[in-house]
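Novice: Let's have the full structure, built from the sequences with the hints guiding it.
What follows is the residue order along each chain.
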Amino acid sequence: MIGARAVVEAFTKEKVEYVFGLPGGACLPLFDALYDAKFKVILVRHEQGAVHMAEGYARSTGKAGVVVVTSGPGATNTVTGIADAYMDSIPLVVITGQVKSFLIGNDAFQEADVTGITRPITKYNYLVKNVNDLPRVIKEAFYLATHGRPGPVLIDFPSDISLAELDFHYPDTVNIRGFKPKVEGHPGQIKRAAKLITESKRPVIYTGGGVIISGAAKELLELVEKTKAPCTNTLMGLGGVPGTHPLFMGMLGMHGTVYANRAVNECDLLIAVGARFDDRVTGDLKKFAPHAKIIHVDVDPSAIAKNVKVDVPIVGDVKQVLQELNKIVEPGDTKDWVLQIEKWKQENPLRYTDDSTGVRPQYAIQKLCEILGSDAIVTTDVGQHQMWAAQYYKLSGPNQFLTSGGLGTMGYGFPAAIGAQFAFPHKTVLCISGDGSIQMNIQEMATAVVNKLPVKIAIINNNYLGMVRQWQEKFYNHRYSSSEMSGNPDFVKLAEAYGGAGIRVDKKADVEKAIRWSQTITDRPCIIDFAVTEEENVYPMIPSGKSFDEIIDMA
Amino acid sequence: MAVHDTTPVQEIILSVLVENRSGVLSQVVGLFSARGFNIDSLAVGETEDPTMSRITLVSHGDKRTLEQIKKQLNKLIDVIKVQDLTEEECIDRELVLAKLKASPALKEALAGLARHYKIHVVEENSKIICLECTETRENRKKIFEKFKEFGIVEIAQTGAVALSKKPPKE
Numbered sequence: 001m002i003g004a005r006a007v008v009e010a011f012t013k014e015k016v017e018y019v020f021g022l023p024g025g026a027c028l029p030l031f032d033a034l035y036d037a038k039f040k041v042i043l044v045r046h047e048q049g050a051v052h053m054a055e056g057y058a059r060s061t062g063k064a065g066v067v068v069v070t071s072g073p074g075a076t077n078t079v080t081g082i083a084d085a086y087m088d089s090i091p092l093v094v095i096t097g098q099v100k101s102f103l104i105g106n107d108a109f110q111e112a113d114v115t116g117i118t119r120p121i122t123k124y125n126y127l128v129k130n131v132n133d134l135p136r137v138i139k140e141a142f143y144l145a146t147h148g149r150p151g152p153v154l155i156d157f158p159s160d161i162s163l164a165e166l167d168f169h170y171p172d173t174v175n176i177r178g179f180k181p182k183v184e185g186h187p188g189q190i191k192r193a194a195k196l197i198t199e200s201k202r203p204v205i206y207t208g209g210g211v212i213i214s215g216a217a218k219e220l221l222e223l224v225e226k227t228k229a230p231c232t233n234t235l236m237g238l239g240g241v242p243g244t245h246p247l248f249m250g251m252l253g254m255h256g257t258v259y260a261n262r263a264v265n266e267c268d269l270l271i272a273v274g275a276r277f278d279d280r281v282t283g284d285l286k287k288f289a290p291h292a293k294i295i296h297v298d299v300d301p302s303a304i305a306k307n308v309k310v311d312v313p314i315v316g317d318v319k320q321v322l323q324e325l326n327k328i329v330e331p332g333d334t335k336d337w338v339l340q341i342e343k344w345k346q347e348n349p350l351r352y353t354d355d356s357t358g359v360r361p362q363y364a365i366q367k368l369c370e371i372l373g374s375d376a377i378v379t380t381d382v383g384q385h386q387m388w389a390a391q392y393y394k395l396s397g398p399n400q401f402l403t404s405g406g407l408g409t410m411g412y413g414f415p416a417a418i419g420a421q422f423a424f425p426h427k428t429v430l431c432i433s434g435d436g437s438i439q440m441n442i443q444e445m446a447t448a449v450v451n452k453l454p455v456k457i458a459i460i461n462n463n464y465l466g467m468v469r470q471w472q473e474k475f476y477n478h479r480y481s482s483s484e485m486s487g488n489p490d491f492v493k494l495a496e497a498y499g500g501a502g503i504r505v506d507k508k509a510d511v512e513k514a515i516r517w518s519q520t521i522t523d524r525p526c527i528i529d530f531a532v533t534e535e536e537n538v539y540p541m542i543p544s545g546k547s548f549d550e551i552i553d554m555a
Numbered sequence: 556m557a558v559h560d561t562t563p564v565q566e567i568i569l570s571v572l573v574e575n576r577s578g579v580l581s582q583v584v585g586l587f588s589a590r591g592f593n594i595d596s597l598a599v600g601e602t603e604d605p606t607m608s609r610i611t612l613v614s615h616g617d618k619r620t621l622e623q624i625k626k627q628l629n630k631l632i633d634v635i636k637v638q639d640l641t642e643e644e645c646i647d648r649e650l651v652l653a654k655l656k657a658s659p660a661l662k663e664a665l666a667g668l669a670r671h672y673k674i675h676v677v678e679e680n681s682k683i684i685c686l687e688c689t690e691t692r693e694n695r696k697k698i699f700e701k702f703k704e705f706g707i708v709e710i711a712q713t714g715a716v717a718l719s720k721k722p723p724k725e
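Protein sequences, first through last, are from chains A and B.
Be aware that the first sequence starts at 1, since it is given in our numbering, and climbs by one per residue.
Be aware that the second sequence starts at 556, since it is given in our numbering, and climbs by one per residue.
Just so you know, the hints here were simulated from the structure itself, not pulled from any lab data.
Note that the structure is a prediction, hence the values are computed from the model and not measured.
Any given hint might turn out to be false.
Claimed, not checked - Cross-link-like lysine-lysine pairs, in silico, DSS-like; alpha carbons within 27 Å at most: (1) Lys474/A with Lys286/A; (2) Lys306/A with Lys618/B; (3) Lys309/A with Lys636/B; (4) Lys546/A with Lys287/A; (5) Lys180/A with Lys625/B; (6) Lys618/B with Lys287/A; (7) Lys618/B with Lys139/A; (8) Lys474/A with Lys427/A; (9) Lys182/A with Lys625/B; (10) Lys182/A with Lys630/B; (11) Lys618/B with Lys682/B.
Claimed, not checked - Here are the computed distance ranges between Cβ atoms for each label pair: (12) Arg576/B with Pro187/A: 34 to 40 Å; (13) Pro563/B with Val174/A: 40 to 46 Å; (14) Asp160/A with Lys682/B: 51 to 57 Å; (15) Asn477/A with Arg576/B: 41 to 47 Å.
For glycine and all other residues, C-beta sits at the position ideal for the given N, C-alpha and C.
Specialist: In structure tokens:
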């Protein structure tokens, strides 16, 4: 069997359902072998799209997403997607074609030092120089991508190696002596955590993407309900508890709710679960949770005590740690605290000034949620619409909110929605995007049309790079330097040109009708282009590097 | 609460056991530059097991930074073990080759230095004297100051290599 064929065999053993990619010279042998594969190979229109599709697939299913592209430019086009997956801990296996092994280093046609380029943005990467290593390398790649803190693993695969003969034996196990992630939390530390929770009068549970990744939403809900401790999610952690749960305070951080941020500011115990104290969450670290002891649960030891001092560190898989914690934890007396937060919710609810005729972005998103439902899979791009989606689209569970949290990649949302729709053909998949973001991977309309995917794309179209404009308004004296998107296309015609459907909405009265119309489109992608209030801002807002004291509730 | 208090800058010697593969050194060095850590010196060599190399790495930083260095190194897949030699008794050595301007004063001084330090002449003529010195980091710094007095023509130094004094586990 040749190397290329061995890759297909290995993918089959790994129960791969979809490969996202685009062929080129150095991976022609591999694509030739993929021609006979039992799993589906999805041709994308740009390699960045392939990686985001694989991410969308991975985040909605919890399985590794798989990408195959060619060498040189094919590989470098995957870099943004790989960096995105690395920041958000998304399991991917990316195979990049490479020039013939004996040409490496000779500046050959379409050669790039891909293992060098991707070393800081992959969990691990390989350059396969001997075809006999291939089965072990692929086995290890899937294992590394999905175990411990997940992440992208890249295999650089020279074309002569893909044609070389090997005796194919796929290993059953892996043994990597430098990779032994700790999954069980230390029982003594879990006991200490339980004691602190019982003693606490004002606890807050602050959870991130780790809860989603480890599949611990059920355990988290149990902890919240058992301890009656109010809970807030990071952007990555949304869906960790149902968006409508009475003890849920919404998102915290820069654009979090006033009451979630106030609760963190006043709490005496902060229980951080699968979250990493990112600067968009904490603002000024010195003033973050100033009265609180901190319990921090994370599978990655380096995430603990990186940004803040921790009183009870627990290294382990979130799901396992929460299971153990739930067994022993006794609820404290949080009655007054919960009432207090309830009062804060009444005082400073999440709100916006509605319009009688025009379309407010928040209104459009609320209507999308109301009509498409809390069970939909929602992807976003990056910017104002992303924050409004996080605030106003209330989801029922985990693996439903797919957003680029760490890297903040514009262009992520639409291909991620395509990947999720492949994984869940019968679910409603909605991409909430902006007029800036959508144009960064609009070419994947073709991929969605060819595969008859009914992905819905809601463009919150304010004719600006809205978040940039908001910062320019607030901090740069209204000097809108390069943030106005003049020259936007007619998105309806654009959708139709690709063979998709589209509708433009510029009146409040038409919002509902348009969303309901989009539900009738079931065999192709559909753009709803919401022409929204141009200078609407995202509130609440804690300016970068500031603390809760400086929160702006509304303009 | 919350933030780490700033602690004084300390030195750290790490003994890092890694897979003996191409690209590993680049991973380690890349980690230091990407996260803004310092490398004071670094020495690599194969171990008794040819599949493993030992990196001796000297760095400095406050307590939090040093903790992060250890954790981030441990996170690398090709890192098998990170040992903090600052936390235990260890032996450390550096090798210096120095080319100095030959002079009667230097010859006299060398006789004295050789009594205190592991230093000897490896090459000598009317113009230059080449010295080899294998010493602890601390002594190496002192010797370096002495050499400066006599005019260094050229100098080459390895980074520190170090081993723990701990006996093997029975």
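Novice: Given the hinted pair Lys182/A and Lys630/B, is their Cα-Cα distance within 27 Å?
Specialist: Since the Cα atoms of Lys182/A and Lys630/B sit roughly 12 Å apart, the hinted pair holds (cutoff 27 Å).
Novice: Please verify whether Lys618/B and Lys287/A have alpha carbons no more than 27 Å apart.
Specialist: Given that 27 Å is the threshold and the Cα spacing comes to 21 Å, the pair holds.
Novice: For Lys182/A and Lys625/B, compute the direct alpha-carbon distance and say whether it is at most 27 Å.
Specialist: 16 Å, holds
Novice: For Lys309/A and Lys636/B, compute the direct alpha-carbon distance and say whether it is at most 27 Å.
Specialist: 25 Å, holds
Novice: Going straight from one Cα to the other, do Lys474/A and Lys427/A come out at no more than 27 Å?
Specialist: 40 Å, violated
Novice: Given the hint that Lys306/A pairs with Lys618/B, test it: the Cα-Cα distance must not exceed 27 Å.
Specialist: Since the Cα atoms of Lys306/A and Lys618/B sit roughly 11 Å apart, the hinted pair holds (cutoff 27 Å).
Novice: Please test the hint of 41 to 47 Å on the beta carbon pair from Asn477/A and Arg576/B.
Specialist: 54 Å, violated
Novice: Next pair to validate is Lys474/A with Lys286/A; report whether the Cα-Cα distance is within 27 Å.
Specialist: 24 Å, holds
Novice: Should the hint that Arg576/B and Pro187/A are 34 to 40 Å apart at their CB atoms be regarded as holding?
Specialist: Holds - the Cβ-Cβ distance for Arg576/B and Pro187/A, about 37 Å, lies within 34 to 40 Å.
Novice: In this structure, is the beta-carbon distance linking Pro563/B and Val174/A contained in 40 to 46 Å?
Specialist: Cβ of Pro563/B to Cβ of Val174/A: about 43 Å, so the range 40 to 46 Å holds.
Novice: Is the Cα-Cα distance between Lys618/B and Lys682/B 27 Å or less?
Specialist: 48 Å, violated
Novice: Looking only at beta-carbon atoms, does the pair Asp160/A, Lys682/B fall within the given range of 51 to 57 Å?
Specialist: 54 Å, holds
Hints 7, 8, 11 and 15, counting from the list given before, are not met by this structure.
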